[in-house]
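**Student:** Sequences listed follow chains B and A, in order. In terms of the working numbering, the first sequence opens at residue 1 and continues consecutively. In terms of the working numbering, the second sequence opens at residue 1 and continues consecutively.
Hints were generated in silico from the structure; no laboratory data involved. Even glycine gets a Cβ: it sits at the ideal position worked out from N, Cα and C. Among the hints, a few may not be true.
To be verified - Computed cross-link-like contacts, DSSO-like style, restricted to lysine-lysine with a CA-CA straight-line distance of at most 30 Å:
hint: 1; chain 1: A; residue 1: Lys166; chain 2: B; residue 2: Lys237
hint: 2; chain 1: A; residue 1: Lys13; chain 2: B; residue 2: Lys114
hint: 3; chain 1: A; residue 1: Lys13; chain 2: B; residue 2: Lys138
Claimed, not checked - Here chain A is said to cover these stretches of chain B; the calculated rule only asks that three of the stretch's residues, wherever they fall, bring their Cβ under 8 Å from a Cβ of chain A:
hint: 4; region: 46 to 54
hint: 5; region: 62 to 76
hint: 6; region: 103 to 111
hint: 7; region: 119 to 132
hint: 8; region: 147 to 159
hint: 9; region: 172 to 181
Claimed, not checked - Quick list of simulated restraints, FRET-style, between CB atoms:
hint: 10; chain 1: B; residue 1: Gln159; chain 2: A; residue 2: Pro251; range: 28 to 34 Å
hint: 11; chain 1: A; residue 1: Leu35; chain 2: B; residue 2: Ser220; range: 46 to 52 Å
hint: 12; chain 1: B; residue 1: Lys237; chain 2: A; residue 2: His394; range: 45 to 51 Å
hint: 13; chain 1: A; residue 1: Gly104; chain 2: B; residue 2: Glu117; range: 38 to 44 Å
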Amino acid sequence: MENRIKALFEQKLQGLLSVYFTAGYPNLEDSVPIILELEKNGVDLIEVGMPFSDPLADGPTIQQSSEVALRNGMTIPKLFEQLKGIRQHTQIPLVLMGYLNPVMQYGMDRFLQKAKEIGIDGIILPDLPLSDYVREYKAMFEQNNLSKIFLITPHTPEQRIREIDSHTNGFVYMVSSASVTGSTNGNAVVNTDYFERVGQMGLRNPGMIGFGIHNRDTFSQACNHARGAIIGSAFIKALAQEGSLQQNIQTFIQSIKQ
Amino acid sequence: MNYNVDDNGFYGKFGGAYVPEMLYQNVEELRQNYLKIMAEPEFQEEMQLLLKDYVGRPTPLYFAKRLSEKYNTNIYLKREDLNHTGAHKINNTVGQILMAKRLGKKRIIAETGAGQHGVATATVCALMGLECIVYMGEVDIERQAPNVARMKMLGATVVPATSGSKTLKDATNEAIRDWINNPEDTYYIIGSVVGPHPYPDMVARFQSVISEEIKAQLKEKTGTENPDYVVACVGGGSNAAGAFYHYLDTPEVKLVAVEAAGLGVDSGESAATSVLGREGIIHGSRTLLMQTEDGQVTEPYSISAGLDYPGVGPLHAHLHQSGRAIFESITDDEALQAVLELTRLEGIIPALESAHALAALGRIGAKPDEVIVVNLSGRGDKDLTTYLDRFELHGK
Numbered sequence: 001m002e003n004r005i006k007a008l009f010e011q012k013l014q015g016l017l018s019v020y021f022t023a024g025y026p027n028l029e030d031s032v033p034i035i036l037e038l039e040k041n042g043v044d045l046i047e048v049g050m051p052f053s054d055p056l057a058d059g060p061t062i063q064q065s066s067e068v069a070l071r072n073g074m075t076i077p078k079l080f081e082q083l084k085g086i087r088q089h090t091q092i093p094l095v096l097m098g099y100l101n102p103v104m105q106y107g108m109d110r111f112l113q114k115a116k117e118i119g120i121d122g123i124i125l126p127d128l129p130l131s132d133y134v135r136e137y138k139a140m141f142e143q144n145n146l147s148k149i150f151l152i153t154p155h156t157p158e159q160r161i162r163e164i165d166s167h168t169n170g171f172v173y174m175v176s177s178a179s180v181t182g183s184t185n186g187n188a189v190v191n192t193d194y195f196e197r198v199g200q201m202g203l204r205n206p207g208m209i210g211f212g213i214h215n216r217d218t219f220s221q222a223c224n225h226a227r228g229a230i231i232g233s234a235f236i237k238a239l240a241q242e243g244s245l246q247q248n249i250q251t252f253i254q255s256i257k258q
Numbered sequence: 001m002n003y004n005v006d007d008n009g010f011y012g013k014f015g016g017a018y019v020p021e022m023l024y025q026n027v028e029e030l031r032q033n034y035l036k037i038m039a040e041p042e043f044q045e046e047m048q049l050l051l052k053d054y055v056g057r058p059t060p061l062y063f064a065k066r067l068s069e070k071y072n073t074n075i076y077l078k079r080e081d082l083n084h085t086g087a088h089k090i091n092n093t094v095g096q097i098l099m100a101k102r103l104g105k106k107r108i109i110a111e112t113g114a115g116q117h118g119v120a121t122a123t124v125c126a127l128m129g130l131e132c133i134v135y136m137g138e139v140d141i142e143r144q145a146p147n148v149a150r151m152k153m154l155g156a157t158v159v160p161a162t163s164g165s166k167t168l169k170d171a172t173n174e175a176i177r178d179w180i181n182n183p184e185d186t187y188y189i190i191g192s193v194v195g196p197h198p199y200p201d202m203v204a205r206f207q208s209v210i211s212e213e214i215k216a217q218l219k220e221k222t223g224t225e226n227p228d229y230v231v232a233c234v235g236g237g238s239n240a241a242g243a244f245y246h247y248l249d250t251p252e253v254k255l256v257a258v259e260a261a262g263l264g265v266d267s268g269e270s271a272a273t274s275v276l277g278r279e280g281i282i283h284g285s286r287t288l289l290m291q292t293e294d295g296q297v298t299e300p301y302s303i304s305a306g307l308d309y310p311g312v313g314p315l316h317a318h319l320h321q322s323g324r325a326i327f328e329s330i331t332d333d334e335a336l337q338a339v340l341e342l343t344r345l346e347g348i349i350p351a352l353e354s355a356h357a358l359a360a361l362g363r364i365g366a367k368p369d370e371v372i373v374v375n376l377s378g379r380g381d382k383d384l385t386t387y388l389d390r391f392e393l394h395g396k
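Put together the whole structure using the sequences plus the hints.
**Tutor:** Spelled out as C-alpha cells, the structure:
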C-alpha cells in the first residue's frame with residue numbers, strides 16, 4: 001500500500017495543515033477522539049506526540065502537556081493499544097513524534113513493526129542523529145514503509161540540507177526560527193530569506209514549516225513559503241480551554257483555516 | 001582496551017552526540033575546533049598563566065597523617081578545595097571561557113547543581129567581562145544559598161529551573177533550551193563530563209591537570225608517580241575524570257568512582273547510576289541512566305546537590321562496563337560521617353560531594369604499605385547550614 005504521506009502531497013499542493021498533540025493529554029484516553037475530530041475538521045496530517053520526561057527541544061506548553069500525559073499513565077505500549085484499529089475509522093496520514101530514549105528502551109525494531117501494523121505513516125525523532133539513522137535504522141524504516149522525517153533550521157548549511165533531503169521521504173520539517181517549540185514572535189514568521197533559500201534548492205521532498213505557527217496569520221504566511229505548516233503548542237493550549245474536546249478542536253481549527 | 005574517546009565521539013558504546021538539529025551546528029562547530037584551539041601555544045600560555053596566578057595551581061598534594069593512621073594506610077589528599085572559588089570546577093571554566101572567546105561568543109550560559117560550577121562560570125565571566133546566565137534547579141537554589149549569593153555578587157543572572165525534580169537534570173534541560181534559542185552569540189559552558197561529544201572529552205582534558213599534578217607531586221613525595229588507588233566522587237564525573245585521566249592506561253593504579261547512594265541504593269531515593277541505571281540517552285549522550293521501564297528519566301536523590309544527577313558521563317559508563325574502575329555507593333549518613341571525620345582529624349571541612357569519596361576509604365581495604373590518593377574536589381563552606389543542622393551544632 002502506498003504511504004499516505006506521499007499520497008497526501010501528491011493530491012494536495014498547498015495550504016496543508018498538520019497538527020501536533022501530546023498523546024495522553026488532557027486525558028489518557030483522548031488520543032483517538034482527538035485524531036477523529038481533527039480529521040473531521042479538515043486537518044491534513046496529524047503528529048501524535050509520545051510524551052518524554054525531558055523534552056529538550058520543547059517549550060513550556062509541550063513540556064507541561066508531556067508531564068500531564070505521563071502522570072495520566074501514557075506509555076508507548078499504551079499508545080499502540082489505543083491506536084490499534086484506527087485504520088478502520090480514518091485514513092488520515094499519521095506521524096509519531098517523540099524522543100529517542102523511550103523508543104530505544106521499547107526497541108527500535110519492535111517499535112517500527114508495531115507502527116506499521118497499526119498503519120502509522122511516518123516517524124519524527126529529533127534527537128536521532130542522521131548518521132545513526134543512515135547506518136543502523138534506514139533499512140528498517142524502509143522495510144516497514146515508514147517515512148523518516150528530519151528537521152532543518154535557519155542555520156543548517158545547504159550541503160547538510162541536501163544530505164537530509166536525500167535520506168528523507170515524506171517531507172522536510174522546516175523549523176521556522178532558532179527556538180524551542182511554542183515560541184511566538186508576534187504575528188510575523190520572520191525568516192523569509194531562509195524559506196526562499198530552501199524553496200530555491202529544488203529539494204526532492206516537500207517542505208512543511210513548524211515552530212511558532214500559532215494562528216491564522218502565521219499559518220497563512222508559512223503557507224506562502226512552503227506546502228503547509230505545523231501547529232503544536234497553540235493547539236495544546238486550545239485543548240486546555242473550558243468546553244468539550246469537540247468544541248475546542250472545532251473552534252481552534254476554524255480559527256486557523258478561515 | 002581504549003579508555004579515551006574515539007574519532008566518532010564514543011567511549012566504547014557510550015557517548016556520541018544525540019542532539020536535535022537545532023543544536024547540530026553549534027556542537028559541530030565546537031567538535032571541529034576544540035582540539036585545534038587547545039593545541040595553540042597562545043591558548044595554552046594564557047590558560048596556564050590563569051591556572052597558576054588566578055586559580056592558584058598547582059594545588060597541594062597533602063599527606064593526611066591522622067587520617068592515614070586511622071585507616072592504617074597512606075592517604076594523600078589532592079587539595080582541589082584550595083582552588084579559587086573552592087572546587088575543581090574552575091579548571092574547566094577557565095579553559096572553556098578561553099574557548100568561548102576564541103569562537104567569538106559574547107554570551108555565556110551554564111547549568112549548576114551544587115552551585116560550584118555556576119560560581120566558577122560567573123567568576124570567569126566577570127574576569128572576561130562577558131554576560132553570564134546560570135540555570136539552577138529551584139530545590140538547589142534553596143539548599144545551596146551561599147553559592148547563589150556569590151553568583152549574584154559576580155554579576156550573573158541565576159534562573160531557577162522549575163520543571164521535573166527542580167535539580168541538576170532540569171537545570172541542564174533549561175540551559176540546552178537556552179542554547180537552542182540563542183545559537184549564534186551564545187556559548188554553553190557545561191560543568192561536567194556529560195552532554196554531547198565533544199563536551200565529555202573537552203571537560204576531561206581541562207580537568208586532567210589534576211592527575212598531571214598528582215603524578216609529579218607523588219613522585220616527589222614517594223619516588224613513584226603511581227599510587228595504588230585514586231578515589232573520587234562521581235555525579236556527572238568531572239573531578240573523577242580529571243583525577244583518573246593520566247592513569248587510565250596504567251592498570252596497576254586502581255580507580256575508585258564513588259556515587260551517591262542517597263538513603264540507600266534500594267530505597268528509591270538514590271543517585272547511584274551505575275547500580276540503578278540502564279543504557280539510554282540523556283542530555284545528548286548515550287550513557288548509563290536511571291530510568292523507568294518505559295524510558296522516562298527518573299528523579300534521583302542525594303543530600304549532595306552536586307551528585308544528584310540521574311546519569312553519569314559516558315567515560316565513566318565505559319569505565320564501569322569495562323571493569324576499569326571500581327564503583328562504590330555511599331549513603332547520605334556515611335558521607336556526613338566522613339565530613340565530621342576529616343574535619344576533626346585534619347582540620348579540613350570538605351564539600352558534601354567530596355565527602356562521598358572520603359567515606360569510601362573504609363571500603364577499599366588498602367594495606368599498610370599502599371598509597372591512596374583521594375581527590376578532595378571541594379570545600380564545605382557551601383554546606384555549612386546542612387552540617388550545622390545534621391550535627392546539631394546550632395546554638396552551641
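**Student:** Take the C-beta atom of Lys237 of chain B and the C-beta atom of His394 of chain A, compute their distance, and say whether it sits inside 45 to 51 Å.
**Tutor:** holds (48 Å)
**Student:** Do three or more residues of the region 46 to 54 of chain B come closer than 8 Å to chain A, measuring C-beta to C-beta?
**Tutor:** holds (count 3)
**Student:** For the hint 46 to 52 Å, verify it against the beta carbon of Leu35 of chain A and that of Ser220 of chain B.
**Tutor:** Given a distance of about 48 Å, which is inside 46 to 52 Å, the answer is holds.
**Student:** How about the region 62 to 76 of chain B: do at least three of its residues have a C-beta closer than 8 Å to a C-beta of chain A?
**Tutor:** holds (count 5)
**Student:** Just tell me: holds or violated, for the beta carbon distance of Gln159 of chain B and Pro251 of chain A against 28 to 34 Å?
**Tutor:** Since the Cβ atoms of Gln159 of chain B and Pro251 of chain A sit about 44 Å apart, the hinted range of 28 to 34 Å is violated.
**Student:** Are there three or more residues in the region 119 to 132 of chain B whose C-beta lies closer than 8 Å to some C-beta of chain A?
**Tutor:** Since three or more residues must qualify, the claim that chain A covers the region 119 to 132 of chain B holds, with 5 doing so at under 8 Å.
**Student:** Does the Cβ-Cβ separation between Gly104 of chain A and Glu117 of chain B fall within 38 to 44 Å?
**Tutor:** violated (51 Å)
**Student:** Can you confirm whether the C-alpha distance between Lys13 of chain A and Lys114 of chain B stays at or below 30 Å?
**Tutor:** holds (27 Å)
**Student:** At least three residues with a C-beta closer than 8 Å to a C-beta of chain A: is that true for the region 172 to 181 of chain B?
**Tutor:** holds (count 4)
**Student:** Holds or violated: Lys166 of chain A and Lys237 of chain B, Cα atoms, limit 30 Å.
**Tutor:** holds (24 Å)
**Student:** Verify the proposed pairing of Lys13 of chain A with Lys138 of chain B, using a straight-line Cα cut of 30 Å.
**Tutor:** holds (20 Å)
**Student:** If you count the residues of the region 103 to 111 of chain B with a beta-carbon closer than 8 Å to a beta-carbon of chain A, do you get 3 or more?
**Tutor:** holds (count 4)
Of the numbered hints stated above, those contradicted by the structure are hints 10 and 13, listed in ascending order.
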